[in-house]
Each structure stands twice: as C-alpha cells, then as structure tokens.
Amino acid sequence: MSKAAVDLPPKGGFSFDLCKRNDMLAKQGLSGPSFRKTGTTIVGLIFQDGVILGADTRATEGPIVCDKNCEKIHYMAPNIYCCGAGTAADTEAVTDMVSSQLQLHRYHTGRESRVITALTLLKKHLFNYQGYVSAALVLGGVDCTGPHLHTIYPHGSTDTLPFATMGSGSLAAMAMFESKYKEGLSRDEGIQLVVEAICSGIFNDLGSGSNVDVCVITKGHKEYLRNHLLPNPRTYVNEKGYTFPKKIEVLMTKITPLKERVEIIETGDAMEE
Amino acid sequence: MGDSQYSFSLTTFSPSGKLVQIEHALTAVGSGQTSLGIKASNGVVIATEKKLPSILVDESSVQKIQCLTPNIGVVYSGMGPDFRVLVRKSRKQAEQYHRLYKEPIPVTQLVRETAAVMQEFTQSGGVRPFGVSLLVAGYDDNGPQLYQVDPSGSYFSWKASAMGKNVSNAKTFLEKRYTDDMELDDAVHTAILTLKEGFEGQISGKNIEIGIIGSDKKFRVLTPAEIDDYLAEVE
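Residue numbers (the working numbering), protein chains in the order written: chain L, 888 to 1160; chain U, 898 to 1132.
Treat the hints as calculated values from the structure; they're not laboratory data.
Hints are not guaranteed to be accurate.
A partial selection of chain L residues facing chain U, derived with a Cβ cut-off under 10 Å [said to hold, decoys possible]:
#1 Asp983
#2 Met984
#3 Ser987
#4 Gln988
#5 Gln990
#6 Leu991
#7 Tyr994
#8 His995
#9 Gly997
A virtual CB, placed ideally from N, CA and C, is assigned to each residue, including glycine.
Please put together the full structure from these sequences, using the hints given.
Next comes the structure, spelled out in structure tokens:
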C-alpha cells in the first residue's frame, strides 16, 4: 500500500528556472532591477574578555539611501551575533534561518550554541547557492571554548581573525584597525576602536553612513548598544518656518477630524473554530 | 467477535465503527507510567513517575519532561521512543511558526499541529499510531493551559488530568482535590500527593519528575533537590 499523499510544504531554495531567460534579456540590452544593498561598513574585534561587533546604519538602493537607520547586527543565539553586508534581504534571511536551526540544535543538545556551529551552517548554505546569496558576514560570539570572530564571504569561504572588516567601507575601517589594534584591549578601548573604524567608514565611503551600532559579547553576557553614536544628526532647522514663495490668500479653512473607520462590535459571535 | 478480523490493518474500520489499532495504542498508553497535570490559577504543573528498569541506570540521563518552547512543556505516558520523535517534530513546528510570524507559538496552535501529526499516522499506509498520550502545559497570552493529546490525534483542554497506570484512582483523587483558585504551589503539592497514591516504594526527588510554568512564562523542570523540598513540605 503506497503512502497516502500527505500535504508537504513546497520545497524551498532558489529556483534557477528563469536564469536562462534573464541571460537572454541581458544580452538584448535590458538592465535588471536594482535591489536594496546595504553598502556598509561592518567590523569585529576580539578584546580581552570577548568580542565587539560594530556596524553603520545606512541601507542603499543604488544611489539612494533607502533606510537611514537600519539594523545590521543580527541575533543568532544568546551568545552569538552576526553583522551582515551585501543584499539586505539575503543577510536577513540567512541569519534568520541559521538562528532558527541553532535554536532547534540547542533544544536537542541542551547546550549553549558554539560559534563554529553557526559558522559551518552559514558557509554550507552559502556554498550551496554558489555565491548567488549575496551575503558577506562578520560572525562573532563567546562560547565554552572562548571568544571567536569569523568572516564569511558570499561564495562560502571563511576566515578566522582577531579583527575583521567587511563591506564597501572595509578598507577605511581596516586602516584604523591595522594601525591601532593590539591584543588584550579593555572593553572601553575596544569600543573606542570599533567606533573609530566605523566612523572612518561612515565619513569616507558613500555606501556607509548615519549612526554606529555596537554589540559587546562576553562570557554569559551581551550588550547590544543600538545607535551607540550618532555622528550625523539633523541640526539645521529654519527658525522662520515654511513660507510660501508668492503671496497666497487663504480663501477657506475646513478642518475635518479623522474618525475611526473601523466599527468595533463589543459583543459579537465568536468565530467558529 | 468480528473485530479481531479487522485488527490487522490500521486503516480499516471494524464493523463496530472503531479503529482497533488506536484502541490498542490507548492500551499501550494505559500500561505506561503514571503522569498527571494540574492547571492552577497562576500556572501549570506536570509530573510523572520515573521508575527505571534497574538501579544501575543513570537516572540523571533520563528526562521524561521536555521543553518544546521557552513557555511550553510536555510529559507523556506510554512509549518513550515515540515521545522523542513527537518532541522533535513539535519543536520544529514551533520554530517554523516563530520564523514565519515572529511571535511565540500559542499553546493551542502547537497542540493542534502536534495532534495533526499524530492523526496523520492513523491514516497513512505502512505506519502505526504513536503509542503515547501527551500532556502539554503552557502559559501564553490566554493564561495557563493544559492539554491532553491522544494517539488518535484528539485533544482536550483539562483543568487537571492523569494518564497511564492507575489513571482512574488518580483522576478520582484529583476530582476531589481540585479547586479553581488553586495556586501553583498548592498544585505542586496536590500533584505529589496524587503520584504518592499509586506509588510503589519510597517516593523521592530521584524517582519522580516535575515541571512547572508560572506567570513568568518560563517552563522549567524542577531539580531533585527542589522536589525533595516539596516532598518534605507535603509530609
């Protein structure tokens, strides 16, 4: 007796069906739609008690800034965070997925997740998609084997480093790290250096800007300092207020207060389950 | 009776309208170790006997009460290996729900999905029903909840329930002792007393397991030391 067809959810993953068509259109001169990239400067460094991650907060769509204060430091596990550069949707989706897998793994083993587990899950996924998942990540965390910092490239290769930078502003940030990094930094020195590196990316790279996010992870404790530094505040406000260019007469003033469009019925029939 | 001729295949109804395999599965549950659950006004407690086949078994490696999400726990009566499979599937479903809706799964949803899995195995070919009944305890926006799920896939919400050996005595005891405004600590004491009723031998923190969830919405299994403290209070 064959197994009755049980409703399976559609198998996920990238469908390569339209790639041939896209190639043909590109040859005929059609430029594809641009997608939201995060531009970005992301950095990480290991200090004496753990790991500090830093990121800027600008998301770009080609030449336009589409999000002035986005979050690039993603949660993976209570002791592991990941910064993402590249296509915003890809970094969000891949970190979300691996975070879910790590949670299930924690339930099954009853142990804290290790950074190397997150690393392997991420690189397996990225390699599978041969670089089409455009996510460049800086993964950092502290587990039972100590503090770890890794970089992951879109094609699936990884590095393990004491300090790392990724994104379009990586060279500006790396310049700061290469000159000022030393082993055994204290927490404040580490945060200061990360902030300097991100600011260097913010001010010298078009793809990075706005504010600085910092995340400090130590054994058994983490601090997510969202908008730790705001070096680009909107300071200019015209005191005269807004004036119309030509003399415009007010003919009629009518103010309509907006009413609630939804009627709330207090006692209604419960929905049938 | 005609029934026995129809008990070879799960997916065939008997003339009396029963699926005999499910009845047999319930028998398997009924011969499993006693477990029970009580819903208090500010939390839920689930408990079970943990009788090991020999004194040589390392009791710290056996955990019958499992956590499905931070705010939902589960205990079983029946076949341990079947329970492990269900726990694995339920955890995955809860995690998938969370990924899609970015909110912790409500207790009713998780129970419904687990029950759907159990029902699948009563209507597919080549598989057998799960030989476990589950007691799912959780605390979400609708307050504390306790559900029992049977091998057939049917589920009910209970104020207090028991399963396994000695179920009728345990249920009678619970009916007498249950009050609607019970607090979590009282519920733990009542659970211990109910387990003690049918317990063979000396009850201690090492041969029972208790899991509680309070208004902090965090499910946790009590340590043997904590159970011993409650036992001392009950004496």
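A quick look at each hint next to the structure:
1. Asp983: 6 Å, holds
2. Met984: Result: holds, 7 Å to nearest chain U Cβ.
3. Ser987: The hint holds - Ser987/L has a Cβ within 10 Å of chain U, the shortest such distance being about 5 Å.
4. Gln988: 8 Å, holds
5. Gln990: 6 Å, holds
6. Leu991: 5 Å, holds
7. Tyr994: 5 Å, holds
8. His995: Result: holds, 7 Å to nearest chain U Cβ.
9. Gly997: Given a least distance of 9 Å, the restraint on Gly997/L holds.
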